[in-house]
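Protein chains: 2
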Amino acid sequence: MKWCRFYNEEKISFGIIEDNLIIPVSGDPFNGFEKTNKNLLLEETELLIPVFPKTFYAVGVNYLNHVNKMSKLTGRSASPPTAPDVGYRANNALIAHNKPIIIPKDATEKVQYEGELVVVIGKEAKNLNKKNVWEHIFGYTIGNDVSERTWQSNDRTLWRAKNTDTFKPMGPWIETAVNLENMITTIKVNNKIKDQFKTNNMIFGISDYLVKITKYITLFPGDVVWMGTDEVPSNIKNGDVVDIEISGIGTLSNPVLKKIS
Amino acid sequence: MKWCRFYNEEKISFGIIEDNLIIPVSGDPFNGFEKTNKNLLLEETELLIPVFPKTFYAVGVNYLNHVNKMSKLTGRSASPPTAPDVGYRANNALIAHNKPIIIPKDATEKVQYEGELVVVIGKEAKNLNKKNVWEHIFGYTIGNDVSERTWQSNDRTLWRAKNTDTFKPMGPWIETAVNLENMITTIKVNNKIKDQFKTNNMIFGISDYLVKITKYITLFPGDVVWMGTDEVPSNIKNGDVVDIEISGIGTLSNPVLKKIS
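Protein sequences, first through last, are from chains A and B. Per the numbering used here, residue 8 is the first one in the first sequence, and the count goes up by one each step. Per the numbering used here, residue 8 is the first one in the second sequence, and the count goes up by one each step.
To be clear, the hints were calculated from the coordinates, so they are not data collected in a lab. It is possible that part of the hints are untrue.
As the list claims (entries may be wrong) - Derived pair list, reagent style DSSO-like, types lysine-lysine, alpha-carbon separation capped at 30 Å:
| no. | chain 1 | residue 1 | chain 2 | residue 2 |
| --- | --- | --- | --- | --- |
| 1 | B | K9 | B | K205 |
| 2 | A | K117 | A | K79 |
| 3 | A | K266 | B | K133 |
| 4 | B | K137 | B | K201 |
| 5 | A | K222 | B | K117 |
| 6 | B | K195 | B | K265 |
| 7 | A | K265 | A | K195 |
| 8 | B | K138 | A | K266 |
| 9 | B | K195 | B | K112 |
| 10 | A | K61 | A | K199 |
| 11 | B | K112 | A | K133 |
| 12 | B | K266 | A | K138 |
| 13 | B | K265 | A | K61 |
| 14 | B | K117 | A | K133 |
| 15 | B | K137 | A | K112 |
| 16 | B | K106 | A | K61 |
| 17 | A | K130 | A | K42 |
| 18 | A | K133 | B | K265 |
| 19 | A | K18 | B | K18 |
| 20 | B | K61 | A | K117 |
| 21 | B | K133 | B | K265 |
| 22 | B | K201 | B | K117 |
| 23 | A | K61 | B | K9 |
| 24 | A | K61 | B | K133 |
| 25 | A | K222 | A | K106 |
| 26 | A | K112 | B | K205 |
| 27 | A | K9 | A | K117 |
| 28 | A | K106 | A | K199 |
| 29 | A | K117 | B | K219 |
| 30 | B | K222 | A | K106 |
| 31 | A | K18 | B | K61 |
| 32 | A | K266 | B | K137 |
| 33 | A | K266 | A | K222 |
| 34 | A | K130 | B | K106 |
| 35 | B | K205 | A | K106 |
| 36 | A | K137 | B | K266 |
To be verified - To be clear about the criterion: a stretch of chain B counts as covered by chain A if any three or more of its residues have a C-beta under 8 Å from a C-beta of chain A, and this derived list gives those stretches:
| no. | region |
| --- | --- |
| 37 | 73-80 |
| 38 | 94-102 |
Glycine included, C-beta positions come from ideal geometry on N, C-alpha and C.
Please model the entire structure based on the sequences and the hints provided.
The structure is reproduced here in structure tokens:
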């Protein structure tokens, strides 16, 4: 089942996508809902980010190819994480499918996409174990963890490198039924494939992270956990369009604009 | 004016504190409100955190005494921040005045308070300048940035060191009218003064941070920015009570419990 979020009669509404239609619901998928007897054309509806998280978690480095290739590029030694220690991103930076990534005028040319699987929490969760993790997940969406690499290297924190307004596209919708083992992430810039990798080929998997996180932290319905990216991302620039496709979910597409004033 | 937040007739409500009474309002202080003709006794009302932020910013190291004394203690060289690069904390960890700080059973004895001034944003803000910063601030409250120092040193991120459930007491209320230059932060454990410092004696001040942040990031009404702590915090343990007083605001008080199972 595909869930989306949009403005309907001037209010934010959740909806279920069936073929090319959105069926708006009353309520929400986390606390209970009822389908309305209305429908909207998907392609004529401006989607919002599919959920607004209470807390926005991001795993960071989580693929071995990425670690090794980045190490070759930078000449620094490869050091994959030794424990599933989660990080954070900021809600201000979230934008929906089709909305522009806006690069500040003083950013360097090293602004890059990162295509990521996003886990959406469905139920309040503390002290999960490897077995009951999965029933606390509502579904999956796609994230683009846009990063300014010069700021990422030089600032004391990741605040503007990762969390500048518009640097966190998320969507287009949440898919509740996926087969993790079959998923492929494909990243295209201007319709040309730049990177492609097995989505679930992670150093620490989804259940590793959720078990470890919930040993100390309560996850809430609508919280998101971005799972990291593989390969070596490329620069993006004014006029580009970045598509992140994850098979079984869909494609998150965002144009890129560079501010000139 | 003092603003608080609490449950009133099974709904979350904002209220204005006048002497020993709370006047509940309809609406909220950010988008407009009206006083009701009711009142509640402050001391009989269980307060909630005074605001639930969209994004939770935290400045980290921001006092020179703290940098120098910590450097002497650890033998590492003192390196004060050279730019106002902000960090983040997580909403899951927020608890209200009087609620217990719960230390996980596998934490070391190095769990410490940090008494901090908290800035509460009042209006949506982008590209602020030194002059118009102040009209975008709604008011000030108090935060206790509880930290497990062993995890802080050893984990790849601050996730559990700083964001374990209950590690971010905030409150008791928001004071809208303060004189920053006169403020003193006093931290007591079990009613004994442990640390005392000039609240506004910061390396980078409130306006430095908000001007820099909003060059890249939009701040929203209700966002909070925790401004860091001075001196060298002490360990806290099961049975302790930690009071953070900031003159002109009030006192945030929380008992400490260590989990044994």
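Evaluation of the provided hints:
1. B:K9 <-> B:K205: With Cα atoms ~22 Å apart, K9 of chain B and K205 of chain B stay inside 30 Å; holds.
2. A:K117 <-> A:K79: 18 Å, holds
3. A:K266 <-> B:K133: 15 Å, holds
4. B:K137 <-> B:K201: Violated - the C-alpha atoms of K201 of chain B and K137 of chain B are around 34 Å apart, more than 30 Å.
5. A:K222 <-> B:K117: Within the cut-off at roughly 19 Å; holds.
6. B:K195 <-> B:K265: Given that 30 Å is the threshold and the Cα spacing comes to 19 Å, the pair holds.
7. A:K265 <-> A:K195: 19 Å, holds
8. B:K138 <-> A:K266: 25 Å, holds
9. B:K195 <-> B:K112: 24 Å, holds
10. A:K61 <-> A:K199: Since the Cα atoms of K61 of chain A and K199 of chain A sit roughly 35 Å apart, the hinted pair is violated (cutoff 30 Å).
11. B:K112 <-> A:K133: The given pair, whose Cα atoms are some 15 Å apart, holds under the 30 Å limit.
12. B:K266 <-> A:K138: 25 Å, holds
13. B:K265 <-> A:K61: This hinted pair holds, its Cα atoms lying about 26 Å apart.
14. B:K117 <-> A:K133: Distance of about 24 Å is within 30 Å: holds.
15. B:K137 <-> A:K112: Given pair K137 of chain B, K112 of chain A holds - Cα atoms ~21 Å apart, limit 30 Å.
16. B:K106 <-> A:K61: 20 Å, holds
17. A:K130 <-> A:K42: Within the cut-off at roughly 21 Å; holds.
18. A:K133 <-> B:K265: Holds, because 17 Å separates the two Cα atoms, which is no more than 30 Å.
19. A:K18 <-> B:K18: 21 Å, holds
20. B:K61 <-> A:K117: Given pair K61 of chain B, K117 of chain A holds - Cα atoms ~29 Å apart, limit 30 Å.
21. B:K133 <-> B:K265: At roughly 42 Å apart (the allowed maximum being 30 Å), K265 of chain B and K133 of chain B break the hint.
22. B:K201 <-> B:K117: 16 Å, holds
23. A:K61 <-> B:K9: 26 Å, holds
24. A:K61 <-> B:K133: 22 Å, holds
25. A:K222 <-> A:K106: Not OK: K222 of chain A and K106 of chain A at ~36 Å, beyond 30 Å, violated.
26. A:K112 <-> B:K205: With a Cα-Cα distance of about 38 Å, the restraint between K112 of chain A and K205 of chain B is violated, given a limit of 30 Å.
27. A:K9 <-> A:K117: 34 Å, violated
28. A:K106 <-> A:K199: 20 Å, holds
29. A:K117 <-> B:K219: 21 Å, holds
30. B:K222 <-> A:K106: Measuring from Cα to Cα gives roughly 20 Å; hence the hint holds.
31. A:K18 <-> B:K61: Roughly 19 Å between the alpha carbons, so the hint for K18 of chain A and K61 of chain B holds.
32. A:K266 <-> B:K137: Holds, at about 23 Å.
33. A:K266 <-> A:K222: The hint is violated at about 43 Å.
34. A:K130 <-> B:K106: 24 Å, holds
35. B:K205 <-> A:K106: Judged against 30 Å, a Cα distance of about 45 Å means the pair is violated.
36. A:K137 <-> B:K266: 23 Å, holds
37. 73-80: violated (count 0)
38. 94-102: Since 6 is at least three, the answer is holds.
In summary, the structure is inconsistent with hints 4, 10, 21, 25, 26, 27, 33, 35, 37 from the numbered list given earlier, while agreeing with the others.
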